[in-house]
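Undergrad: Residue numbers (my numbering), protein chains in the order written: chain A, 19 to 502; chain B, 19 to 502.
Warning: the hint list may mix true and false statements.
To be verified - Below, computed lysine to aspartate or glutamate pairings styled on DMTMM-like, alpha-carbon distance capped at 25 Å:
1. B:Lys180 x B:Asp232
2. B:Lys445 x B:Glu273
3. B:Lys234 x B:Asp96
4. A:Lys51 x B:Asp427
5. B:Lys363 x A:Asp134
6. A:Lys326 x A:Glu400
7. B:Lys51 x A:Asp134
8. A:Lys51 x B:Asp391
9. A:Lys363 x B:Asp427
10. B:Lys51 x A:Asp370
11. A:Lys363 x B:Asp96
12. B:Lys51 x A:Glu68
13. B:Lys51 x A:Asp391
14. B:Lys180 x A:Glu48
15. A:Lys180 x A:Glu273
16. A:Lys51 x B:Asp430
17. A:Lys83 x A:Asp96
18. A:Lys51 x B:Asp431
19. A:Lys180 x B:Glu457
20. B:Lys326 x A:Asp370
21. A:Lys51 x B:Asp232
22. B:Lys51 x A:Asp427
23. A:Lys326 x B:Asp427
24. A:Lys83 x A:Glu49
25. B:Lys363 x A:Glu273
Read the hints as simulated data drawn from the structure, not as lab findings.
What follows is the residue order along each chain.
Number of protein chains: 2
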Amino acid sequence: MHQQSDSERSNELEHVFYPRSVAVLGASTEEQKVGSRWMMAFLSDRFQGEVYGVNPGGGEVFGRKLYPNLTSIPGPVDLVVACIPRAQVLEALDDCAAKGIKAIQFFTAGFKETGDQGWAEVEQEMVRRARRGRFRIIGPNCFGVYCPEHGVPYGPWIPSGKVGRIGYISQSGGHAGKMLEIGLTRGISFSKVVSMGNGSDLGSADYLDYLAADAKTEIIGMYLEGPPDSRRLFESLRAVSPNKPVVVWKGGNTEAGAKAIASHTGALAASGSVWSAALGQAGAIEVRGLDELADTLLLLQNVGRLDKSNLGIVCGLIDGGGGEAVLTGDACAWLGLNVPNFTEKTSRALLDLLGQVGSVLCNPVDISQRWGDPRVLEQTMELITADPNIDLLLVYQNADILARFLPPDIVDDLNSVIISFALRREKPVVVVLPPGSVETRRLEIESRLAQEGICVYHSVDRAARAIYNVRRYCAMQRARSVVG
Amino acid sequence: MHQQSDSERSNELEHVFYPRSVAVLGASTEEQKVGSRWMMAFLSDRFQGEVYGVNPGGGEVFGRKLYPNLTSIPGPVDLVVACIPRAQVLEALDDCAAKGIKAIQFFTAGFKETGDQGWAEVEQEMVRRARRGRFRIIGPNCFGVYCPEHGVPYGPWIPSGKVGRIGYISQSGGHAGKMLEIGLTRGISFSKVVSMGNGSDLGSADYLDYLAADAKTEIIGMYLEGPPDSRRLFESLRAVSPNKPVVVWKGGNTEAGAKAIASHTGALAASGSVWSAALGQAGAIEVRGLDELADTLLLLQNVGRLDKSNLGIVCGLIDGGGGEAVLTGDACAWLGLNVPNFTEKTSRALLDLLGQVGSVLCNPVDISQRWGDPRVLEQTMELITADPNIDLLLVYQNADILARFLPPDIVDDLNSVIISFALRREKPVVVVLPPGSVETRRLEIESRLAQEGICVYHSVDRAARAIYNVRRYCAMQRARSVVG
């Protein structure tokens, strides 16, 4: 294997995420074919470079000429997107070498993951030919790269959206797409995403090293099924995690999951406990599913590090606050999150504000006795923000009961209060907004809060788990820096 | 204490859930006051009996006379709803005795739960006066009863909806309301609900015994904070659970939760492990939150008992099925649910149907290679339904990727296939439909499936937990019946 320096590697990946031009192998005169759709995705996105379609049959699509092969394209090509039958990949790679491309990503699947020895060998030969041609392979069996800053869409699937600070590496193209879809609603934005597929050439550690050095990436998420370069990955994780938090979901830690993995990316899943231990030692934040991954990335994006996490909880925005106080208190305490007593001063002020009857005046505090008054919410949040025992505010909001008892403008006013405290950035504010009977209205509220950069969770459990994950990461990194 | 037979008790509660007439103490000429709203809730519901408003000041509301007191009402009154200041409750109870009512429910709060000895004694005196007057108290500090069959709304909050087969007892009025709101979207319907508040007279065991004997109730849910009659409750639980599954969420099993409980219903929360052990011995299904309670009740309602639960999982309705197969496999296996291999025969038929490349052909099965074809989904479900290794089908559906690649009518066709298999009732079908970027569309799909009586879950974790809970209950009851 050709030995490369770190900077050589980084330069190569720069071309992957910021290609100056793109060619799609397998575009065709049929607009609905995946190659044509992929080509259109680039053409209709913010991508500024040249976009070429390649098909041996020639012809036109979207009013653009289809070139019979790569070498007949007049200008230089940085990135090739391949949506061609697997029987054609080796020949295509020779064309790539002749054209002098930088990288090729293969949507084409059917190699190692089929379990067929012959096709596994083709996958190895693909890597050899790429090495010889001095270009890199992304995949095969993947959606490849997404870079909204550069107008690179997520395959034919999702147009490039808001530019964020989260880099995301996924061994499943589906999970990467789903994360982007979730992000659209919840306000999670990405700097770069890569669906790495089988990772036969560029592997998880290559992408992680790139994101570690990338100034546009501050937080990293990963979905892994058991990448072939796991030893190097743990070294890279250890190096990056003090500087940038890395949240890792390792799939296939059960027999049923591992069985699926073998057919999916052809990876051999090591045992779950081995992975957990190694991730912990490397300083990564381990999560157990897509929702927890999204929840944790969202908190890191909007709130950042949490050196302390004593929670002040406000509930009962209109009624039902007693049960909500129990629920929120339990859910936080189950994870060992501290929901401390307020100071004497705060408690006395809350008593003056809310009165005693029918209210839960400890922490969680139930303000329902004052029946949906935005001024009372504001004063309560003011008192809790000023309380030295509290580091972080959690507001529990039931959209359906609010909708039944209050006019929409008052509900908007309540949310304006929450937003104003979040924007003050004195103490972080997270919101729990559970599903119920007024889903359209609830989504409006969620969307407004998300646009203002506020973390919204569907349940206290999920909010608490994200807070726990981030706090644990910070404590671990602090302990490490002390130990040296 | 007056000793009653079981049938006497049941008769009393019959008047509570099926009152022939209702009087609201604290209705007023102001339409927005809670008492007036409660009165209007009865008037605008399907309730067939007389509805009277009572206010010492007299006057009219909604074109109806307000009576100065209970005794001035011309006809008989079964159920009184009290929304009056706590200082007036004892006098009101004497009126109730004079009027010969059957039961009174107190929205009025501020008794034992305040921690004030004087008001705790008033609560005890209320019970003494009710015993003397030979009527019963629901609450205080509660929303009282809901009975859709009889047109009894959930307080001024939620009109009576579809009549279901689930009875629900809640020590939090807020959680009972939230459960009803969740049920509206997810298709969970109730026979009776009671928000029992402090439970100073009628307690959790009284309601449970009533629901146990109630022919309209087949499944029971409970939210408890630590009812005063817990010893009797466990006896009742043990008696009912072989016949009707009882799903119990015990709040306040942490210090933070228990602290909130003291202020909420004034209950003393016993330790969580003691409760868990006692619930297990009594044969109840213990859950750890409102979502899990709803998820489990939904499965019991739509699917019923599960003596076996070998899962057949279908994913990748259009693309992304590889990662989905890993995710669903893992989530089920984490809870010890079996995702067995298909028979040789099924496997071969799936290979013929789907082809090998790019598909995960084991269980979970990924049908994405055939790109959103409803016929392929139908044939796949047919094969899995016929497989003797499989007891239960789980279909994983990502609404956002479907919406991006398929026209709406094809997505509808895919769901029609799912519905047709669910309606055949050969093997139960549950659907996982996770949130993403097309929430309005996703809710349409969820609503359609829910109306057809299909269980829809937001995550595989939640579906798997519900299946686990029901299967565990059935295994436990079977073991008991064998032991005798």
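Undergrad: If a hint holds in the structure, say so; if it doesn't, say that too.
TA: Right, here's what the structure says about each hint:
1. B:Lys180 x B:Asp232: Distance ~18 Å between B:Lys180 and B:Asp232 Cα, so the pair holds.
2. B:Lys445 x B:Glu273: Violated, at about 43 Å.
3. B:Lys234 x B:Asp96: holds (21 Å)
4. A:Lys51 x B:Asp427: holds (20 Å)
5. B:Lys363 x A:Asp134: holds (21 Å)
6. A:Lys326 x A:Glu400: holds (19 Å)
7. B:Lys51 x A:Asp134: violated (73 Å)
8. A:Lys51 x B:Asp391: Holds, at roughly 15 Å.
9. A:Lys363 x B:Asp427: Not satisfied, since the Cα-Cα distance of roughly 61 Å exceeds 25 Å.
10. B:Lys51 x A:Asp370: holds (24 Å)
11. A:Lys363 x B:Asp96: Cα-Cα ~48 Å, so violated.
12. B:Lys51 x A:Glu68: violated (67 Å)
13. B:Lys51 x A:Asp391: holds (15 Å)
14. B:Lys180 x A:Glu48: violated (50 Å)
15. A:Lys180 x A:Glu273: Given pair A:Lys180, A:Glu273 is violated - Cα atoms ~38 Å apart, limit 25 Å.
16. A:Lys51 x B:Asp430: Roughly 22 Å separates the two Cα atoms, so the pair holds.
17. A:Lys83 x A:Asp96: Roughly 19 Å between the alpha carbons, so the hint for A:Lys83 and A:Asp96 holds.
18. A:Lys51 x B:Asp431: holds (22 Å)
19. A:Lys180 x B:Glu457: It holds: about 19 Å lies between the C-alpha atoms, which stays within 25 Å.
20. B:Lys326 x A:Asp370: Between B:Lys326 and A:Asp370 the Cα gap is close to 57 Å, so the pair fails against 25 Å, i.e. violated.
21. A:Lys51 x B:Asp232: It is violated: about 60 Å lies between the C-alpha atoms, which goes past 25 Å.
22. B:Lys51 x A:Asp427: At roughly 20 Å apart (the allowed maximum being 25 Å), A:Asp427 and B:Lys51 satisfy the hint.
23. A:Lys326 x B:Asp427: Violated - the C-alpha atoms of B:Asp427 and A:Lys326 are around 51 Å apart, more than 25 Å.
24. A:Lys83 x A:Glu49: With a Cα-Cα distance of about 13 Å, the restraint between A:Lys83 and A:Glu49 holds, given a limit of 25 Å.
25. B:Lys363 x A:Glu273: holds (22 Å)
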